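There are 2 protein chains.
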Amino acid sequence: MSTKFVYKFSEGNGTMRELLGGKGANLAEMTNLGMPVPQGFTVTTEACTQYYKDGKQINEDIRNEIFANLADFEKLVGKKFGDPENPLLVSVRSGARASMPGMMDTILNLGLNDEVVEGFAKFTNNPRFAYDSYRRFIQMFSDVVMELPKPEFEKIIDQKKEERGVVQDTELDADDMKDLVVRFKAFYKEKKGTDFPADPKVQLMEAVKAVFRSWDNPRANVYRRMNEIPYDWGTAVNVQMMVFGNSGDNSGTGVAFTRNPATGEKALFGEYLINAQGEDVVAGVRTPFPISHLKEDMPEVYDQFAAIADRLEKHYRDMQDMEFTIENGQLFMLQTRNGKRTAAAALKIAVDLVDEGMISENEAVLRVEPKQLDSLLHPQFDAAELKKAELIGKGLAASPGAACGKVVFTAEDAKEWADRGEKIVLVRRETSPEDIEGMNVAEGILTVRGGMTSHAAVVARGMGTCCVSGCGEIVMNEEAKEFTLGGKTIKEGDFISIDGSTGNIYYGAIPTSPAAISGDFSRFMAWADAVRKLKVLANADNPRDAKQGRAFGAQGIGLCRTEHMFFEETRIKAMREMIVAENTEDRKKALAKIEPYQQGDFEALYEVMEGDPVTIRFLDPPLHEFLPTKEEDIKEIADELGITVEKLKTVIASLHEFNPMMGHRGCRLAVSYPEIAEMQTTAVIKAAINVTKKGKFSVKPQIMIPLVGEVKELKFVKDVVVATADKLIAESGIDLEYEVGTMIEIPRAALTADEIATEAEFFSFGTNDLTQMTFGFSRDDAGKFLDYYYDNKVYESDPFAHLDQKGVGKLVEMAAKLGRQTRPDIHLGICGEHGGDPTSVEFCHRAGLDYVSCSPFRVPIARLAAAQAALKD
Amino acid sequence: MSTKFVYKFSEGNGTMRELLGGKGANLAEMTNLGMPVPQGFTVTTEACTQYYKDGKQINEDIRNEIFANLADFEKLVGKKFGDPENPLLVSVRSGARASMPGMMDTILNLGLNDEVVEGFAKFTNNPRFAYDSYRRFIQMFSDVVMELPKPEFEKIIDQKKEERGVVQDTELDADDMKDLVVRFKAFYKEKKGTDFPADPKVQLMEAVKAVFRSWDNPRANVYRRMNEIPYDWGTAVNVQMMVFGNSGDNSGTGVAFTRNPATGEKALFGEYLINAQGEDVVAGVRTPFPISHLKEDMPEVYDQFAAIADRLEKHYRDMQDMEFTIENGQLFMLQTRNGKRTAAAALKIAVDLVDEGMISENEAVLRVEPKQLDSLLHPQFDAAELKKAELIGKGLAASPGAACGKVVFTAEDAKEWADRGEKIVLVRRETSPEDIEGMNVAEGILTVRGGMTSHAAVVARGMGTCCVSGCGEIVMNEEAKEFTLGGKTIKEGDFISIDGSTGNIYYGAIPTSPAAISGDFSRFMAWADAVRKLKVLANADNPRDAKQGRAFGAQGIGLCRTEHMFFEETRIKAMREMIVAENTEDRKKALAKIEPYQQGDFEALYEVMEGDPVTIRFLDPPLHEFLPTKEEDIKEIADELGITVEKLKTVIASLHEFNPMMGHRGCRLAVSYPEIAEMQTTAVIKAAINVTKKGKFSVKPQIMIPLVGEVKELKFVKDVVVATADKLIAESGIDLEYEVGTMIEIPRAALTADEIATEAEFFSFGTNDLTQMTFGFSRDDAGKFLDYYYDNKVYESDPFAHLDQKGVGKLVEMAAKLGRQTRPDIHLGICGEHGGDPTSVEFCHRAGLDYVSCSPFRVPIARLAAAQAALKD
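Those sequence lines, one after another, are chains F and E.
Each residue of the first sequence is one higher than the last, beginning at 1 in the UniProt record's numbering.
Each residue of the second sequence is one higher than the last, beginning at 1 in the UniProt record's numbering.
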């Protein structure tokens, strides 16, 4: 049997969203429910994918099916396509599986031509309306199907209005509209060289093609990438009988929600326009009335609509977003769908629906998009103000939230200004550990250089501070305390606003609303926690981040990057002494200076986590990161270290690497200099002994060896760890347990995970590095070509944001299986950036991992995503 | 049943080499053959690995088994250990599975003490001999077991000789020897704080332990790494009754081969010393006689030995390397093994043994080590002269062979000097494409910078010219035309000698013997070709290398790196124009200039290969490699390109990458700039059309897309290729076939090979990059830490030299399986450096690949390795 490419509304139902798109499925469902829906048919998403397979052609089968359905349709509604006596006019609208509002194209009033319009004028007894509809159709068809720019038509209208000495479109009469039609068609012929297509069937097929084509337009592609909608889904096309909200003062059109999409409040919320078509509401030329006003205007219609709305909400068991048209006092439903809503509304609606007995707690858990929670946890721009704001540039969305403040250029200034009560945004070429205090008091951080894993980005995410990083277009002039971007020069003290969720940088101040976690939040999260299987831990390098993670429900620390501790001013000197040391003895001396600091850090972390796991990753970055690069710093630091500039330069040169990402780092440092692992083990264990001795809880440190690619490498470092730890524990006289595990972040480690597991007591998938190595591209450099890849649809999403399940995921699954094969009770987790990404968390659940670890502010997101994954399973 | 750790010689046989080691197995075999072998027993290799498992302890079981066997042994020979009346003295020697000459330790005359020596003196009626044996034992035991340096003992002997006014050891009499024993023991006590162990059983156990320990000594570790002998094999220990070649003029000791190990000539070859122990032969203090002299000295012994030698050769069906001792006119065989031999000898012996009917052709194929062939294909240093040479430094063994010549520092000088008949070695900081002509005329190339894949290394391997690269210790002074290394300053015109097979750099001239391929070679290789399953192709970027590959039997080109063609002076300007172009049109213009050159190159390659496959890899390196880095060059090139210095600097800066290895390169370039792929396709196809039109043979180009990680990426580029190619072919009116395939060099490509194969008609494993990504280390940087890894036995061999079968190999096998699953007739090959490495070739055979491709001079090696793999299968 051949594929069925076209469904009448009466043939479909609400579950057929994959085939009919959301709009088509819901039109069918409403039809089944006996609601007043203008009839029509849906050309399926499969027809769309077939169109692309056939080289952007609609094949004969599909075409025949469309016309067969058109014939049935004509019989059903008793009108005929192209019949001047009683013409059938249709709308042609896109409708994908997932709602993509405004992304694709719509054509209204299709079926008009010079002859039909005459009949239509007579039939409706409203020539102005008929010609207005015709000129709208020509305009829309020319724009959408033929790519003649809309503004050109607007110019013609403006010219006409000028000639007629009027201001509003509504002041133009039937003859004016008729004349506009003539002018539009002339313009069309001039530009396209052919007459405007008069045959309604040609119009229809062209319109269907245009909708299919619009699936591939640039804004749709960008939207899909942002919303993780696969390109291969395709869009359906809905061909529906026109009803006219613009056929007089007894007509109108509107949109409404069953609950307030901003706050979640339970009450019809929406607006409508009298004597208008849908596009007029969207265009915002006239100011619509609130939906409550309809109660006074047309009480019967309002009551009918309210009853339908209530029925739809109960039917779909969720807040509905509806479009309707009133034609000569008669209500028609054009669309219903689960309404988009803010995070706050989503939370309130989910909780309310449970309280109303409409949905279960588990269903409620599925009703909030995890990544939406971000906006509850961080300040947000006032939406109305944002619309007016002037965008001057874009960087990387490095840490979410919105910030607005006066620009300062140094951490010192940041502190000083903040101390006197100013809200500031810290703008730096790049940040370094010395900037911590300034970063801590800033509303937001903006950097010229550095990617998603730069110092600024990592620290800001830990703090929950808004950060836009790597805006390379900024031209900095630090001496003059100013920078230029997007043609503006911004001086110290000038306001800017940045959005760490989008990377946008705005000129001037945009008011923000603060983070707002309501009582609903903890009730809701408790439901989520009750169902999830995955534990959620936090990545935290210091007590502040650890406390934040704890506050957001982290069940331990999954990743403490010890190197961040080395950067503090008091320690970096010893670190540098270690690096320039020429023998083991000198290295040990320098390391001994760092040890007490590290021990203190670890004690503080253990205290915060109260016996929950604290996973400490040993030194990871290449050593050159601790050394200066600028000439003047080299001189200063050489003096500080008491060595010659030449000597320091020699060390720096000897540490130079062609590909530092693949260089002397991770456990390779510990294999070369076991004394580093020895010192870190000492700090980890001594701290655990001290805290355990206090008797409040017992600590079981998790020591994590990074960048392992071979079991012997892990064994070598583990032997050092165990020898050091066991000696200290024996001396302490207390009974302390600890575990030694490894990051799985090198493809070879995943491939040989059965061997690695003979030594590793846990695996933590470092999916940042694993993604880099598996794809063979460096995150810092990929920006240069990834845009070409998105444009050519080679990749649809950023593999650093969403775990690549086909490639990297295959390695994760393989390693999990091999690891458990060797050691059935091995703990498996993930601690890359992906640990806070909902689709990646879902993958981790399916792959059978035990935990995910992510930055503190993503912990709630991961908790919810984990719960949803468990419920979907 | 518990493991048996000790075997009497009479219990073993020649097949038990894994357990008894080579020496032990052959001693057992000779015992079985009824040959005169001093009896004893072998402690197995498993005892050695047990010793390491037990934390370097010999456990009670093994100890008991040794003493039980000792007791049986005493009964067998009628002597007793420690019995002054009729003492049993033994030698304790190592013997691993593979011969590791001189790498591990030997102790002779064990069982002597103050009491036993007295009895021994009486028993032999030769006090001088007895005390000489005793002092030798003390010396050897102290050195090997107790790590007291040998030279200290030599000093004591020298002192004694001085006191006695004599020059030769032989001039010392029995009392002198007795006195030396006293002095040795005093020295021992002074140094070790204890008496020299008098109990023969203690001596024995300590000696066994010392042999086990010597398995792990640094020189053994280095030797194993060089010879790919696994660490976990362990060594056996042979305890054998002493026979004394030094017991008088009717005694002696010697070594002999059944054929000449240097030339392969069929005749007993060897030497012996009268009245000496084995170590005297090795030490070279006295000059031994050639073995033929023994015929005159002791005709009966000679005849007996010659008969045994003949029997052994026939028994083992291979040339034997034997050790023997004559004690009071009686012959004893101490060892036999298949003799090591030069490549030339190996070839001649293999061919001769076939002609003598002793082995089959297939067996002959297995008798030559593939990598040995290298020395037939390149000049070699004269072995005797090499011993005297002064080593001044070491770089990377980048291209094999030996070279000796006068130093020049520029390619121009190289050409000039060579033109006037000088042999020169070109010394450069690093080479670049402009140096090609100079490299072409050089005997050898030495560079300060650059790894195994640097320009110098790759080009030299292609040319078959000796090259040592990356000798960072060289201090260059190009202006003064000199460099210093190892304390020597070498000026232009001074002689140096370099060995590209070892990386050694020698001061002065060492004579070389030229490459020598005999008639046996082609006969032998034909046998190899008859059995191998793998095709062998060559990596060749130009007609010269292609011809060389062809001459060595390459069945096509498996990798033509097109970028090497872009570097030539006439082309690089157009390449640079392409890079600085600001739009597609300008890029296309610049590319159009390169196209005819590329076409010409490809035509030439097709001509050489006469219809055999020519695999052309599209542009691979990051574009910044084509731009200058030095300030003065930037100025010059900006002028040449007619742009400002600023503009060029901006382009260079925009191309900067943090990790170029993982940056904008490979097919990523073609996705960004499809016009590059278009131009290359045009050149490939037009060239094929032209050559095919000549009618001699038809060309089927293989277009290879590098660095693919995702099927859509390949499809995108393939679509460009196919559109371009099909149009040209249609226009040409001839029937040309071509294939489009991909490198598998990104882990993700291997993981998703089933998808990739939907588009790829062949896979070529790029194991260089695949190794880098799978291990997560860059070849250029790994040198900094790999030594620590070798020292700690984390890695036993360089994964860039020998394919890592566990990790990288797993990916290769997975990809081969997935690829064939999708496309059963897909061609699979390998074109990394590993394509010329015998163990890697063997892996490729087992993994079921269709071909390997390697540099021209490795083609014969690959052919032989492939044949051996097929025979072993």
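Hint data in this document are derived by calculation from the structure and do not stem from the laboratory.
Misleading hints may appear alongside valid ones.
As the list makes no split between identical chains, a pair holds if one copy fits it or if it spans any two.
[As the list claims (entries may be wrong)] Cross-link-like lysine-lysine pairs, in silico, BS3-like; alpha carbons within 27 Å at most:
| # | residue 1 | residue 2 |
| --- | --- | --- |
| 1 | K806 | K817 |
| 2 | K693 | K189 |
| 3 | K712 | K75 |
| 4 | K371 | K8 |
| 5 | K630 | K647 |
| 6 | K150 | K189 |
| 7 | K488 | K423 |
| 8 | K56 | K715 |
| 9 | K793 | K715 |
| 10 | K588 | K784 |
| 11 | K810 | K712 |
| 12 | K694 | K810 |
| 13 | K649 | K630 |
| 14 | K589 | K784 |
| 15 | K488 | K647 |
| 16 | K784 | K647 |
| 17 | K209 | K715 |
| 18 | K56 | K700 |
| 19 | K810 | K715 |
| 20 | K161 | K694 |
| 21 | K8 | K314 |
| 22 | K630 | K784 |
| 23 | K872 | K4 |
Computed from a prediction, not measured in an experiment: that's the story for all the values here.
Going through the hints against the structure:
no., hint, verdict
1, K806 x K817, "both (16 Å within a copy, 17 Å between copies)"
2, K693 x K189, "neither (89 Å within a copy, 50 Å between copies)"
3, K712 x K75, "neither (78 Å within a copy, 46 Å between copies)"
4, K371 x K8, "neither (37 Å within a copy, 74 Å between copies)"
5, K630 x K647, "both (15 Å within a copy, 24 Å between copies)"
6, K150 x K189, "within (15 Å within a copy, 105 Å between copies)"
7, K488 x K423, "within (21 Å within a copy, 66 Å between copies)"
8, K56 x K715, "between (58 Å within a copy, 18 Å between copies)"
9, K793 x K715, "between (43 Å within a copy, 11 Å between copies)"
10, K588 x K784, "between (42 Å within a copy, 21 Å between copies)"
11, K810 x K712, "both (24 Å within a copy, 18 Å between copies)"
12, K694 x K810, "neither (45 Å within a copy, 50 Å between copies)"
13, K649 x K630, "both (11 Å within a copy, 20 Å between copies)"
14, K589 x K784, "between (44 Å within a copy, 23 Å between copies)"
15, K488 x K647, "between (45 Å within a copy, 24 Å between copies)"
16, K784 x K647, "between (36 Å within a copy, 18 Å between copies)"
17, K209 x K715, "between (62 Å within a copy, 25 Å between copies)"
18, K56 x K700, "neither (61 Å within a copy, 32 Å between copies)"
19, K810 x K715, "both (25 Å within a copy, 22 Å between copies)"
20, K161 x K694, "neither (85 Å within a copy, 73 Å between copies)"
21, K8 x K314, "within (25 Å within a copy, 91 Å between copies)"
22, K630 x K784, "both (26 Å within a copy, 24 Å between copies)"
23, K872 x K4, "neither (30 Å within a copy, 59 Å between copies)"
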